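2 protein chains.
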Amino acid sequence: MTESSRGVKAILHESFAEIAKAAAHPHRLALLEHLAQGERNVDALATVTGLNLANASQHLQSMRRAGLLSARRDGKFTLYRLADDSVLDLLDAIGRIATSNAAAVKEVVSSYFNERDAMEPVTRRELRQRMKAGTVTVLDVRPAEEFALGHVPGAINVPVGDLKRRLADLPRSKEVVAYCRGPYCVFAFEAVAALRAAGYRARRLEDGLPHWRADGLPVAL
Amino acid sequence: MTESSRGVKAILHESFAEIAKAAAHPHRLALLEHLAQGERNVDALATVTGLNLANASQHLQSMRRAGLLSARRDGKFTLYRLADDSVLDLLDAIGRIATSNAAAVKEVVSSYFNERDAMEPVTRRELRQRMKAGTVTVLDVRPAEEFALGHVPGAINVPVGDLKRRLADLPRSKEVVAYCRGPYCVFAFEAVAALRAAGYRARRLEDGLPHWRADGLPVAL
DNA sequence: CTCACATTCTATCGTTCGCTTGATTGTTGG
DNA sequence: CCAACAATCAAGCGAACGATAGAATGTGAG
Chain S
1 MTESSRGVKA ILHESFAEIA KAAAHPHRLA LLEHLAQGER NVDALATVTG LNLANASQHL
61 QSMRRAGLLS ARRDGKFTLY RLADDSVLDL LDAIGRIATS NAAAVKEVVS SYFNERDAME
121 PVTRRELRQR MKAGTVTVLD VRPAEEFALG HVPGAINVPV GDLKRRLADL PRSKEVVAYC
181 RGPYCVFAFE AVAALRAAGY RARRLEDGLP HWRADGLPVA L
Chain E
1 MTESSRGVKA ILHESFAEIA KAAAHPHRLA LLEHLAQGER NVDALATVTG LNLANASQHL
61 QSMRRAGLLS ARRDGKFTLY RLADDSVLDL LDAIGRIATS NAAAVKEVVS SYFNERDAME
121 PVTRRELRQR MKAGTVTVLD VRPAEEFALG HVPGAINVPV GDLKRRLADL PRSKEVVAYC
181 RGPYCVFAFE AVAALRAAGY RARRLEDGLP HWRADGLPVA L
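Chains as they are written, first to last, in the working numbering: chain S, 1 to 221; chain E, 1 to 221.
Careful, some of the hints might be misleading.
[Stated by the list, open to error] Straight-line Cα separation of at most 27 Å, DSSO-like style, residue types lysine-lysine; simulated pairs:
#1 Lys9/E with Lys106/S
#2 Lys174/S with Lys132/S
#3 Lys21/E with Lys9/E
#4 Lys106/E with Lys21/E
#5 Lys21/S with Lys174/E
#6 Lys164/E with Lys106/S
#7 Lys164/E with Lys21/S
#8 Lys106/E with Lys9/S
#9 Lys9/S with Lys164/E
#10 Lys174/E with Lys164/E
#11 Lys9/S with Lys174/E
#12 Lys106/E with Lys21/S
#13 Lys9/E with Lys164/S
For the record, the hints were derived by calculation from the structure and aren't laboratory data.
Note that the structure is a prediction, hence the values are computed from the model and not measured.
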C-alpha cells in the first residue's frame, strides 16, 4: 500500500536520496577512498581515517544498508569493500562537479595540485604500452598495506614519506610514473614534485589504482 | 589557517560531502529531474513538485550554493538550471548504484518497468539514423511546458494523459519511439504499453531528453 | 508611486543525524 | 571453558536539517 499509493516516482527519489545521503559526509568519503583500494576491516579503517571505532562501524553499516558497500566475515574480522564499481563512478561524478563548480575545490586544485604537476598525467593506456616497452619505472606511493591489497604489476612501493631515503631504488635513466589512491590523492603529486627536485623525469598516472582495476587492467598482489 | 592546518584532504572531503548532501533529499532529486529538462522559475518548480514555495526556494538555493545549480534573474523571475552536464552524471551514477544494489529500486524496476517494456530501448544513435531515414515517429510524452523548453527535432508532443484521445495523430505505419524525462521517468514506459495495446509497434528511447541534449544532439525549441 | 507578484529572509519547532560512552555479542586461540 | 579481541548495539547529547508561517525585498506594470 505504501508503495503504490506514494507512487513509483516517490519511491525512486527516496531510494536515490538514501544513496546520496550515504555518501554525504566527509568521514564517509574518507572511508570510501580507502575502501576503493581494497577490502579492509573496521579497525584498520578506523585507524587510518582517525575515527573512533564505534563511529567508523556505524558509518560503514549505514553505507552498507544504502548499497554502497558490502561486507563479509572472515574469522573475527568484518571485511568491508565497495559494493560495485559504480560507486567509483559516483565519486568521480562528485569530483567533477566539485572541480568545476565548488570554489574551495577549484582553489585547492589550482593552487596545490597544479603547481606541483603542471604536466598532463600519463593515461592508463599510455602507461600500459610503455610498461611493455620497458621505458618506465612505475612507482606506487601508497602505504605498504594498500600496496599489498593490489598494485600495478611491476610497480615499486615507496610510500611518500620514505621517498627521499630510498631514491637509490629508482634508476635515473627511465622516466618515473607515480600513482596513489585516486585523482585527488596528494601523495602522487608530492612524489612527482620531490622526484623532479632530485633531477628525475617524473609524471603522474591519471587517477589511481582503483580506476586501473575498474578498467580491467591487470593487478598484482 | 583553517585551510592549511586541516589539510588538503579534509577540505576536499568536506567539499565533496557538500555536493553529495545537496542531492541527498527526495525533494531535491525531484527538482533536479525537472531542472534537467530546462530552465524553470521557482514557482513553476514548486508547483510541479508539490512543494511549498518557500521550501522549494530554500532547496534550490542550497543546491545553488553547493554548485549543482546556477541561477539568473529574468524580470521578476529567478530562473534556475543545472550548473553543468556533470550533474546528470551524478544522477546517473546514483541510479546505477540504486538499480544494482538497492532492494526497493530493484523491485520497482523489475516489477513496474520491465513488465511494461521487455524490449531493449532504442539507442540515441539508432534513433538519429532512423529519423534521417524517416522510418520512425518520435513521441515526446512530457507535459507541454517541458516540450517547449526543448525537444527532439520533429517529435510530436502528446502528454501521456492525452495519449488515448490523440492516437489519431500517430500513423500506424511507422514504429513509434517514445521518450520523456530520463531513464526512470514512467511516462515513456506507460506510453509504450498503451501504444502496443492499441496495436502499434512502439519502443522507448534510452534515457530521456536531458541525455540527448548532453550528447550534443540537436534540440528543437 | 503604488500595486501586484516572485522570491527570499527570519524565526521557530520538531526531527534526524553524528558522536561518545559503556555494555553486549561473536569468534578464535590457549 | 576462558581470555582476548573484533565488532556491534543501546542510550543520550548537542548540532544540523527541513518545513512552515509571516515579514521583507526586489522588480515590472499601470
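Quiz prompt | Violations among the numbered hints, reported as their numbers in ascending order | solution = Structure breaks hints 5, 6, 7 and 11.
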